[in-house]
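Chemist: What follows is each chain in one-letter form.
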Amino acid sequence: MKVAEKRLRQLGNRMLQELKRGNSPYIEIPVRALGNVYFDSERRLLQLGEKSGRRYFLNLAHAKKFMQTLLVASYCLELIQKGKHASLRDVYYALKRNLPNSKEVTFQDQSESNPVIEDLEVSLNLLREELHISADRKGYLIGNIVLRERVVDETFEIDASQLGTGGWGIPSNVEEIEFLDIQADYVLVIETGAMFERLAEERFWKKNNCLMVATKGQPSRGTRRLIHRLYYEANLPVYVFTDGDPYGWYIYSVIKQGSINLAYLSEKLGTPDAKFLGVTMSDVDKYNLHGQVHKLKEGDIKRAKELKDYPWFKNEEWQREINLMLEKKIRIEQQAFSSKSLEYVAEVYLPEKIEKEDFLP
Amino acid sequence: MALADELFREFRSMSVSEFFRKNAAMLGYTGRIRSLTTIVHEGVTNAIDAGEECGKLPNVYIRIENLGDGGRYRITIEDNASGIPEKYIPEVFGKMLAGSKAHRNMQSRGQQGLGISGAVLFCQTSSGKPVRVISSTGEKGIIAEVMIDVEKNKGKVSKKEEFDPKGWMGTRVEMEAKGVSYNRSKYGAFNYLRLTSLANPHVQIELIEPDGTKVLFERVTEELPKPPKEVKPHPYGITADDLLRLAREKGGERKSLKTILVKELSRFSDKRVRELKEKMALILLSRKLETQIEDLDKYLSEIQDEEEKRRIKKIYSGFLSQAAKILRKEARYLNWEEADLIVNAFSRMKLLAPPTEGLSPIGEENISRTMKAVLNPEFVACVTRPPKTYRGGIPFQVEVGIAYGGQVDEEGIEVFRFANRTPLLFDRGGCAITEAVKSIDWKRYGIDPNKDKVALLVNIVSVHIPYTSTGKQAIADVPEISKEIRLAVMEVARKLMRYVKRKKREMEKEAKMKALLKYVPEVAKAMSRLTGASEEEIETELSELISKKYLSSEDFSEEEREEAIKKEEKVILISNGGGLDEGSRKEAETTRE
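These protein sequence lines map, in sequence, to chains X and Y. Counting in my numbering, the first sequence runs from 1 upward without gaps. Counting in my numbering, the second sequence runs from 362 upward without gaps.
Read the hints as simulated data drawn from the structure, not as lab findings. Because the structure is a prediction, the values reported are computed rather than measured. A portion of the hints provided could be inaccurate.
[Unchecked claim] List time: in silico DSS-like cross-link candidates among lysine-lysine, alpha-carbon distance up to 25 Å:
1) Y:Lys873 to Y:Lys844
2) X:Lys268 to X:Lys295
3) X:Lys103 to Y:Lys619
4) X:Lys103 to Y:Lys873
5) X:Lys103 to Y:Lys879
[To be verified] Just the calculated beta-carbon pair ranges, DEER-fashion:
6) Y:Glu796 to X:Leu60: 54 to 62 Å
7) Y:Glu896 to X:Lys2: 19 to 27 Å
8) Y:Ala876 to X:Arg148: 49 to 57 Å
9) Y:Glu896 to X:Phe179: 39 to 47 Å
[Claimed, not checked] For the chain X half of the interface with chain Y, some residues (derived, Cβ under 7 Å), not all of them:
10) Pro100
11) Leu180
12) Ile251
We put the beta carbon where it would ideally sit given N, CA and C, even for glycine.
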């Protein structure tokens, strides 16, 4: 029996026991909020605190969510037993129905089922992929790597160097992906799809012997898990290349030590040794990009101030960068280098940075 | 001055009957509906009083027939009391101010002895027909036709015959009136009888409506109200009319007015006669000088001119001897002006409060029973407040019942007003009861004064009800009475609040239970899938869990709950102070010389 199946059954049996004792069945769920998240400076990861709440059937304020959690739990068990995977939306539709003799529905919309799935993950200490629930493919991988992917009862071998400029779409569940062969020195993680394509066209990965991963904004769990595995299983250093703005920098932060919302998964998703390549505020001076900057907006300034206060940004280099940003009130995009030439980023900026190890921690 | 004198002379020269014939509206004969209601009221009032006086549970039968001919109606009212001896029939039905009740000074429905004779008068002037009275004292039955000789203020029996009553006892009055009308509106006879039944749980009322419908307002208690004790009238409660009548009735055998006052009034002794004289003289002096004088010495001390001072002193001593003369004269020759002067003087004296045993309230239990029977509500609460006094000496008592929900007809707060158990249907706006109820902040008691169905019964019990007018349909705004009404209404409102809140809590509980129960099937199905246990069993256990949580505190029965509330309320009552309030108690003590 799989771990997930075992834990789901345990959950059910514990509740049944409570019921037999004449007590209200409940589900224990660790609190997933900023107040219950802390930065473990030793492991350099965001961690979930001790706080947890109980969701009781008999508590009217909890009852509906209790029911929803159970519905998701029993549906996951079914998925596991059938060996099928469902998307978040599939789960919503599979469980949405009218309650008997009532106008009320089990789930009003997907915004009700998504958090319940996360609740179940934390409660069982399992990834949603382990519960056979998947999210949309979002990130891309390209480079000298051969993978094996299992689809129900078939397997496929994928050579990510033979996929043109598109690369391989990273699935939401990368647990069963096997790395068959890797010929690369490092992993370059790129924020925007456009920059990924730019570099793919220049065949940057081939010329510099690396793997390129596009996160396309905030990275999906599958992408983060893949980066994590590439670092830990293939021992590849990870360099992150984002826009020079608070949003891009936070993407780096999420890849490195996990996110607040998924703090309970940090150990599985975080890559604390990842390095930040750029774009930095210092690059603006270094590469003379003064004409290509944009003004920070209100929200950007607020976000920058928040970053400044996060404990994991509290080191000399980052504080200097953030202060520079707040001083100049500017941001810079990855593609600003195109002002020099299309190839500049691939031929000058990136190789120079990597060679000089001009990184931020 | 001269005009008023003339008017009074005219008044005195007119017989009472004639005066009131010209002023039928004062007696309540105004409008078609109201006129018929007033006739029914006078007849029913007499019938109930008669029953109570002879110690019988009153059965009152009323039949209203429409004779056509532009609002010609026959009203028949029958009681089961002891009947009226033949020689009293013209007195009872034919003479104004002749009733035996007015000068007995006890709480009773009719107070002025105008009632039934007024109805007779109205009937005879509107339809031209005499009133048929059929009465039996048991052995002998009399059928008589009575009319009033308006000029002489005397009853006249036009036809009379005897019959064998075969054991029947009671009185049946058949009256015919024109220009009246019957319906079931708020102001109609039907509602009047319904409300009479509400305030008189010991009375059985049977009504035959013009279309033949028979309505029975059933008796809900076999207990006769405690007969009100007769107490001597208190000087504060007496009117000039009352004093005149008293002087005439008791003033035979050359008794002086002073003797009558001391003997027939309560709390008025020989020692106070001098003070009375002084007050009378002071009133006369005030009138003469056209200024209000409260204290003679003080008034004189403010006058510089010695001549003027002497002049006023002289006038005053003249009035003093005039007052002495009035009090010395034979009581039966007292005139209205003199009586008015004495009553005025009384009101300026500090006198001891009268005893309160003349009062007979309906009682909390009876109000509760009757409100349940007549209104069929969901909840009833009642309070009979301890007796208090107003105007420094007139005892009164307030009782209030509140009915909520159920069959209570109208949304909002409906007020049924009663004075000595007699419904007050008219002049609602000018009544102290209406005002007192209006002044309550109902929202504070969890009651929506526009949406909730609430009926209030307010009964004012007193030897002298302070009406706003002769129509006797509205209670005057006397501060002491208004305060008591408010306190009583607030007390029942509190009881209702407790009920409404509890009900709301229970409804919320039920809603919560329902809300939880609807999740049971889905939860059971999911739990069964996760554990492999029987879905049905889990469903039962979950449902039981819910019931256990919400029904465990439900072991109070309806009666226990009411009992508990009553106990609580008693505590509140005691802490509020029973009997006289602090002010009246102090006043009573200081006036005791």
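Chemist: Decide, hint by hint, whether the structure agrees.
Modeler: Hint by hint, here is what the structure shows:
1. Between Y:Lys873 and Y:Lys844 the CA atoms are separated by roughly 42 Å; this puts the pair beyond 25 Å, and the hint is violated.
2. At roughly 37 Å between alpha-carbon atoms, X:Lys268 and X:Lys295 are farther apart than 25 Å, so this suggested pair is violated.
3. For the hint linking X:Lys103 to Y:Lys619, the alpha-carbon distance of about 86 Å lies beyond 25 Å, and the restraint is violated.
4. The suggested pairing of X:Lys103 with Y:Lys873 holds, with an alpha-carbon distance near 16 Å, which does not exceed 25 Å.
5. The suggested pairing of X:Lys103 with Y:Lys879 holds, with an alpha-carbon distance near 10 Å, which does not exceed 25 Å.
6. Take Y:Glu796 and X:Leu60: their Cβ atoms lie about 45 Å apart, and the range 54 to 62 Å is violated.
7. Between Y:Glu896 and X:Lys2 the C-beta distance comes to about 24 Å, which sits within the given range of 19 to 27 Å.
8. Checked against the hint of 49 to 57 Å, the C-beta distance between Y:Ala876 and X:Arg148 comes to roughly 51 Å, which is consistent with it.
9. Taken as a hint, the range 39 to 47 Å holds for the pair Y:Glu896 and X:Phe179, whose Cβ atoms sit roughly 45 Å apart.
10. Annotation: X:Pro100 was flagged as interfacial toward chain Y, and the flag holds, the nearest CB pair being 5 Å apart, inside 7 Å.
11. Given the 7 Å rule on beta carbons, the hint for X:Leu180 is violated: about 38 Å separates it from the nearest Cβ of chain Y.
12. Interface restraint check: X:Ile251 against chain Y, minimum CB-CB distance 38 Å, threshold 7 Å, status violated.
Of the numbered hints stated above, those contradicted by the structure are hints 1, 2, 3, 6, 11 and 12, listed in ascending order.
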